[in-house]
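Chemist: The lines below spell out each chain.
Number of protein chains: 2
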Amino acid sequence: MTKATLPPFTPLVDSLPASVPFVGPEALERMHERAFLARIGANESVFGPSPLAIEAMQAEAKGVWQYGDPENFELKQALAKKHGITADHIAIGEGIDGLLGYLVRLFVEAGVHVVTTDGAYPTFNYHVTGFGGHLHKVSFKDDREDPAALLDKANEVGARIIYLSNPNNPMGSTNPARIIEDLADNLPPQTLLCLDEAYADFLDAAQMPDIAPDHPQIIRMRTFSKAYGMAGARIGYAITHTELATAFHKIRNHFGMSRISQAGALAALDDTGYLAAIRTKVGRALSDIAAIAVENGLAPLASATNFLAIDCGGDGRRAAKVMQSLISQGIFVRMPGTAPQNRCIRITAGTPEDCKHLAACLPKALAAAKQN
Amino acid sequence: MTKATLPPFTPLVDSLPASVPFVGPEALERMHERAFLARIGANESVFGPSPLAIEAMQAEAKGVWQYGDPENFELKQALAKKHGITADHIAIGEGIDGLLGYLVRLFVEAGVHVVTTDGAYPTFNYHVTGFGGHLHKVSFKDDREDPAALLDKANEVGARIIYLSNPNNPMGSTNPARIIEDLADNLPPQTLLCLDEAYADFLDAAQMPDIAPDHPQIIRMRTFSKAYGMAGARIGYAITHTELATAFHKIRNHFGMSRISQAGALAALDDTGYLAAIRTKVGRALSDIAAIAVENGLAPLASATNFLAIDCGGDGRRAAKVMQSLISQGIFVRMPGTAPQNRCIRITAGTPEDCKHLAACLPKALAAAKQN
Chain A
3 MTKATLPPFT PLVDSLPASV PFVGPEALER MHERAFLARI GANESVFGPS PLAIEAMQAE
63 AKGVWQYGDP ENFELKQALA KKHGITADHI AIGEGIDGLL GYLVRLFVEA GVHVVTTDGA
123 YPTFNYHVTG FGGHLHKVSF KDDREDPAAL LDKANEVGAR IIYLSNPNNP MGSTNPARII
183 EDLADNLPPQ TLLCLDEAYA DFLDAAQMPD IAPDHPQIIR MRTFSKAYGM AGARIGYAIT
243 HTELATAFHK IRNHFGMSRI SQAGALAALD DTGYLAAIRT KVGRALSDIA AIAVENGLAP
303 LASATNFLAI DCGGDGRRAA KVMQSLISQG IFVRMPGTAP QNRCIRITAG TPEDCKHLAA
363 CLPKALAAAK QN
Chain B
3 MTKATLPPFT PLVDSLPASV PFVGPEALER MHERAFLARI GANESVFGPS PLAIEAMQAE
63 AKGVWQYGDP ENFELKQALA KKHGITADHI AIGEGIDGLL GYLVRLFVEA GVHVVTTDGA
123 YPTFNYHVTG FGGHLHKVSF KDDREDPAAL LDKANEVGAR IIYLSNPNNP MGSTNPARII
183 EDLADNLPPQ TLLCLDEAYA DFLDAAQMPD IAPDHPQIIR MRTFSKAYGM AGARIGYAIT
243 HTELATAFHK IRNHFGMSRI SQAGALAALD DTGYLAAIRT KVGRALSDIA AIAVENGLAP
303 LASATNFLAI DCGGDGRRAA KVMQSLISQG IFVRMPGTAP QNRCIRITAG TPEDCKHLAA
363 CLPKALAAAK QN
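Residue numbers (the numbering used here), protein chains in the order written: chain A, 3 to 374; chain B, 3 to 374.
Do not take every clue at face value.
Copies of the same chain are indistinguishable here, so a pair counts whether it falls within one copy or spans any two.
[Claimed, not checked] Only pairs whose alpha carbons sit at most 30 Å apart, straight line, appear in this in silico DSBU-like list of lysine-lysine: (1) 64 - 83; (2) 84 - 358; (3) 64 - 84; (4) 64 - 358; (5) 143 - 358; (6) 155 - 372.
The hints are simulated quantities; they were obtained by calculation from the structure and are not laboratory data.
Excised from the complex, chain A in its bound form (with noise of 0.2 Å):
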């Protein structure tokens, strides 16, 4: 006979809302029941991936009958090659998200405290909070985040874990690398920095913080979905101290990573020339938005990354109808969720195609923002 009720879930299960950091694009496709005439809300590269990923994922979808590597060895000494350290300072996982989750676990219980920005990546405090953690949140400075702000408090609450973007997602801005390093070294002595640099391949190595791979409170994100297009792949990579790269051993789906992700992401790494050309088309694409918001009276911020947040010049309820005017239209963007950053509409750099469809419907979408 059927019982009438589930087996209770965890009582921190049960605190949970079942919300999702993120509405997917699909989703909103479904909505509207259009197809986006534009793509360039999610800072996806529109440009691709390299011709050799492409090559290596269509000839690795016939051996997909074999899981892959659970150790990601050859994946591993490719990156390690990069970054010129050794593997043993690499963790690699199902993109940052997947590598986000996990560290979390490592380190936050109920009663763990956690310091982030107001409005930067959701992702990550839905995992703290999953986790039953404390978040503080403090506040962007000058659309920065704010390294001496993030330091504060978690001097003030003794937190576990600091998170940082560098450059910032959705600012598009950075840190000087010298600011990122004082951080760095003037850590609270139980706290661990999470830098997402997941914008990093935007930027020249030498404009990255220089910090060594065995400091035993930082580690650093990286990942394919941005400079190398493979989003949809899901491979994230985190350099840190070997301690806490083999500390993942024990909690991570140990063969969680696509076979044929894994062999994209080595191809990718192969083709030497490929962020170079990448960042080639990213400046242009963000020239040419830059220029489409200036046209129309918007104020485009600097940027580090593969997009741009543009002010539309009001508040957070003015860019949220520009947005959402552009959505029906066909174009796919984002805002950050936080005053004042939500003064900005957030677009990715776009094909020269996207750009003019961008161009087409942003009158449309200033005046609906004015109207009402």
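Following the hints, put chain B in place on chain A, whose structure we already have.
Modeler: Frame of chain A; chain B shown alone:
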């Protein structure tokens, strides 16, 4: 200045071993410094995925710059159609391994009891331990999982979850549908039955237990890793009560699925004749392997899966010697971990070429096992 130590892990993480559930064949190949002649140890499908799935994955490689749909909308619709249920009964994740991790996280914390069979799937145990649960193990009975013993133990300890794989791995045995249905009808009120049905596609649907999808105490795990030949794509799904299916959204890695895998799975489901053809090939391969075993004086067990447990006629030490010799000769096989099931080695259905290699290497392996 660099601090000397890592921030502290949670006490639970500190208590976990760094051991892994399985060593992958690639690690063995690196250790032996040679590629395997036959990869028939991980119950992968050497016959590969449907040509339609390969084609779809190859086509999607170019689109991999986009994140996959976090709602897995189309794939859920197609799976709902396959199973004659609505999509809200389905949860999708990064292989059954990933889903088992999420499931355990939903229900298990320190002090929660869980029941499984000694020698059943170690990755489930890994997750239970990883979330602080207390594992209780009952024995196989005649090389089958023993629903009565599982139920008794669950009643005794007040288990939150009973894990039962049917068909069973590593023995290849099944329990009659009626027995599982009885178990489902007699669960203690606060116990969830997790049915791992990874090998279900090797049976007729009519041979599987008939359980209403809205039974609030059952979750059934399925996969594209076995009969569909897509282990490296990491696609598992669960069929369960809508409330439990929804609860996964509270904790899962929403953007964790590979976009290429999603496309491949969708195309695989479209190839309606594929599973029947695979079952024919698997049946032929298992007959060949059984014949090789018998020729060598060994006793293959009955199998409802794509692998055979083969009784090596001694204890675990003897079977381990046979396995080790096969591995060092280039034949990747595995074996059960607990007595008396560890009198067997476990061999996956191979290609005719794989079987030829096995036939050539097995006599030497048996001779080696006799010698020392």
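Chemist: Look at each hint and say if it fits the structure.
Modeler: Hint-by-hint comparison with the structure:
1. 64 - 83: both (28 Å within a copy, 26 Å between copies)
2. 84 - 358: Cα proximity of residue 84 and residue 358: none, with 36 Å in one copy and 42 Å across.
3. 64 - 84: both (28 Å within a copy, 24 Å between copies)
4. 64 - 358: between (38 Å within a copy, 22 Å between copies)
5. 143 - 358: neither (33 Å within a copy, 69 Å between copies)
6. 155 - 372: neither (39 Å within a copy, 67 Å between copies)
When each numbered hint is compared with the structure, violations occur for hints 2, 5, 6.
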